[in-house]
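A.B. asks: Residues per chain are reported as follows:
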Amino acid sequence: MKIKVKFFSSHRDAVGEKEIEVEIKENSSLNDLLEMLSEKYPKLKELKDYTVLSLNHRYADGNSRMKEGDEVAIFPPLEGG
Amino acid sequence: MHGNSPTESDSMASDSITLTEEEMARYSRQISIPEFGKAGQEKLKNARVAVVGAGGLGSAVAIYLAAAGIGYIKIIDDDVVELSNLNRQILYSESDIGRDKAHSAEKKLRAINPDIEIVGVNERITEKNAVGLLKDVDAVVDCLDNFETRYVINDAAIEIGIPLFHGACMEMGGQVMTVIPKRTACLKCIFPNPPPHKKTPILGAVAGTIGTIQATEVIKFFVGMEPLLTNKLLIYDSRFFSYDIIELERNEKCPSCGVI
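Residue numbers (our numbering), protein chains in the order written: chain A, 56 to 136; chain B, 64 to 323.
Honestly, the hints are just simulated from the structure, not real lab data. Take the hints with a grain of salt, since some may be wrong.
[Said to hold, decoys possible] Stretch by stretch, here's where chain A covers chain B in the computed footprint (C-beta under 8 Å, at least three residues):
| hint | stretch |
| --- | --- |
| 1 | 154–164 |
| 2 | 178–192 |
[As the list claims (entries may be wrong)] With the C-beta cut set under 8 Å, the calculated list includes, among others, these residues of chain A facing chain B:
| hint | residue |
| --- | --- |
| 3 | Lys59 |
| 4 | Gly71 |
| 5 | Arg113 |
| 6 | Asn118 |
| 7 | Pro132 |
| 8 | Glu134 |
Computed from a predicted model, the values in this text were never measured in an experiment. Backbone N, C-alpha and C fix where the C-beta goes; we use that ideal spot for every residue, glycine too.
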């Protein structure tokens, strides 16, 4: 199935794209997606501990399952003020 | 109106607070906003707000809250003004370098609006003093630059029962969310793990954008305008002109506000 993934801030820098389309196995979880993306973009692994996820514009945890056409966002907490 | 929603205190605000002729003139351009009116302005006059952190975000927040007529503003920061602050911390001028931010901010804000009460507190907010410093306000605005202290004011706001208006920025983007304790997601619900602390690059205008969104949230809250960014995280990215909203919910197991 195909899903859309958006990246923000440090995660966008790690990937070098603000948005990509990904082909992934049916019923995969967000954790599966992160693992797959970390293989392709190793810098994402370094950000793993403070990665925040959303699925279809809703905050989600790594165990959430995706379906065809879903939109995932991957971003960090921002710190500066 | 401590801990109460603005709607509950509507009648109280209108009964006990009146606006002078000069105030009516000063705020006329916002009083004429249909949902705002004289009653909205009176609620702002009655409101007591703490701005924690008087940097890039805090500058924009404090200036707009003071200009809008929030009756009492407490600015908490223990830093001194440095040259490298001046790209974004628009509360200060070159002549403030080396002076403490809290009192420099107090002076600048008083010049903007002498009709309101402004108190500068030159102290670092910590677990020990947070509740003491925040218990005399109705809302706290998070303009900090580190998560360690953000968690401290998040927990203090929950303990006291006052809303927390969170903002943060980095490079060309930022995020905003509003927390109504025990009713909507708190900072710890959404960001249980902080990013590693470092001096983050920030464009001044971007800190200003995030700060003005926070100030708008505060004003909307007191006037009673909805919706707010409660259970929502707004992510702004100036590079691509984008605003994304992520829907949030409370984490029942949250170590700060959870029920389990």
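A.B. asks: Would you mind marking each hint as holding or not holding in the structure?
C.D. replies: Against the structure, the hints come out as follows:
For the stretch 154–164 of chain B, the stated coverage by chain A is violated: 0 residues have a C-beta nearer than 8 Å to a C-beta of that chain, whereas at least 3 were required. Only residues whose beta carbon comes within less than 8 Å of a beta carbon in chain A count, and the stretch 178–192 of chain B has 0; fewer than three means the coverage is violated. Taking 8 Å as the C-beta cut-off, the interface hint given for A:Lys59 is violated, the closest approach to chain B being about 13 Å. Against a cut-off of 8 Å between C-beta atoms, the interface hint on A:Gly71 is violated, since the closest Cβ of chain B lies about 13 Å away.
Checking A:Arg113 against chain B by beta carbon gives a least distance of about 5 Å; that is within 8 Å, so the hint holds. With a least beta-carbon distance of about 14 Å to chain B, the hint placing A:Asn118 at the interface is violated under the 8 Å criterion. A least Cβ separation of about 4 Å between A:Pro132 and chain B falls short of the 8 Å threshold, and the interface hint therefore holds. With 8 Å as the threshold, the beta carbon of A:Glu134 comes within range of chain B, its nearest partner Cβ sitting at about 5 Å, so the hint holds.
Hints 1, 2, 3, 4 and 6 from the earlier list are contradicted by this structure; the remaining hints agree with it.
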